Amino acid sequence: QKEVEQDPGPLSVPEGAIVSLNCTYSNSAFQYFMWYRQYSRKGPELLMYTYSSGNKEDGRFTAQVDKSSKYISLFIRDSQPSDSATYLCAGARSGNQGGKLIFGQGTELSVKP
Amino acid sequence: EAQVTQNPRYLITVTGKKLTVTCSQNMNHEYMSWYRQDPGLGLRQIYYSMNVEVTDKGDVPEGYKVSRKEKRNFPLILESPSPNQTSLYFCASRHDRAYEQYFGPGTRLTVT
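As you go down the protein sequences, you meet chains A and B in turn.
According to the numbering used here, the first sequence is numbered sequentially starting from 833.
According to the numbering used here, the second sequence is numbered sequentially starting from 54.
Now the in silico label distances, taken between C-beta atoms and shown as ranges: (1) Met-103(B) <-> Ser-860(A): 18 to 28 Å; (2) Glu-877(A) <-> Pro-61(B): 17 to 27 Å; (3) Thr-68(B) <-> Ala-861(A): 38 to 48 Å; (4) Glu-877(A) <-> Asn-126(B): 17 to 27 Å; (5) Pro-61(B) <-> Ser-872(A): 15 to 25 Å; (6) Ser-900(A) <-> Lys-70(B): 49 to 59 Å.
Calculated pairs, SDA-like style, for lysine to any residue (alpha carbon to alpha carbon, straight line, at most 25 Å): (7) Lys-874(A) <-> Thr-165(B); (8) Lys-874(A) <-> Asn-81(B); (9) Lys-834(A) <-> Asn-137(B); (10) Lys-902(A) <-> Leu-94(B); (11) Lys-834(A) <-> Pro-114(B); (12) Lys-834(A) <-> Asp-91(B); (13) Lys-932(A) <-> His-148(B); (14) Lys-888(A) <-> Tyr-152(B); (15) Lys-110(B) <-> Gln-863(A); (16) Lys-902(A) <-> Gly-111(B); (17) Lys-124(B) <-> Met-103(B); (18) Lys-874(A) <-> Asn-79(B); (19) Lys-71(B) <-> Val-107(B); (20) Lys-888(A) <-> His-148(B); (21) Lys-932(A) <-> Val-107(B); (22) Lys-874(A) <-> Pro-128(B); (23) Lys-834(A) <-> Leu-878(A); (24) Lys-932(A) <-> Asp-149(B); (25) Lys-874(A) <-> Thr-163(B); (26) Lys-932(A) <-> Arg-121(B); (27) Lys-118(B) <-> Leu-94(B); (28) Lys-874(A) <-> Thr-66(B); (29) Lys-902(A) <-> Arg-97(B); (30) Lys-874(A) <-> Thr-73(B); (31) Lys-874(A) <-> Thr-58(B); (32) Lys-932(A) <-> Asp-91(B); (33) Lys-932(A) <-> Lys-118(B); (34) Lys-874(A) <-> Gly-93(B); (35) Lys-874(A) <-> Arg-161(B); (36) Lys-902(A) <-> Gly-93(B); (37) Lys-874(A) <-> Ala-55(B); (38) Lys-888(A) <-> Glu-153(B); (39) Lys-874(A) <-> Asp-91(B); (40) Lys-902(A) <-> Pro-92(B).
None of these hints come from the bench; they were simulated from the model.
Values in this document were obtained by computation on a predicted structure and should not be read as measured data.
Built from N, CA and C at the ideal position, the CB exists for glycine as well.
Could you build the full structure based on these sequences and the hints that come with them?
Written out as C-alpha cells, the structure is:
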C-alpha cells in the first residue's frame, strides 16, 4: 500500500466550477501536509501546506486535513483555465531528515473556458 | 532570482554509458534531494543530502550515486544507466522547513 494515495484523474471541469481534490494517507507520523502544483514541463511548486489537522485558506484555495480519517483535501473555488495543472499531495513527518516528502501520484486537472 | 537549476534538461543515452545530471541552487539551502517521477508512481526520493559531505539513501537509490562537495551543487550520477532508469528527474532544495521544497525544472532522461 502506498503511503499517500491520490486519484490520478484526469479531471475536467468548466471554468468557474468548484474543484475538490483528495488524497488519503496511511502514515500516522505525518504532521505536515502539502499541496504542490505542477504545470506541464515544469517542476512542482508549493501551493499550500497545513500543519496537523484543520483548514487553511489562501485566496481561492482551501486545504483541509482530517487526521482522524487520514484524509487530505484541496478545494479550488471559481476555477480558472490557469489552474490547469497536475496537483500533488504530500505528507512529511515533523523534523524529518533530508526533507523527505511522500507524494501521491498527482491529479491532472483541466479547467475548460 | 532564487532558483534550482538542472542540466541537461533532456538527455538520450544508451545502456551502460555513464552520465551526470548537475543540480545547483542559489538559496544557500542545506538540504538537497533528487526525485524521479514516473506515471502512476508519482515522485519518489532517490537520495538526499543534509549538508556538504553528508548524503543518504532515499526510497529508490539503486543504480544512482550522488556527491555533495559544495553546498550549492548536488550532482546525480548514473554509472551504468539501464532502460528502467528512463524517467523525469527533479532536484530539490530546502532550508529547515520540510514542507517548503524548491524544485528544479526537471531532466527528462531516456536510456535505450
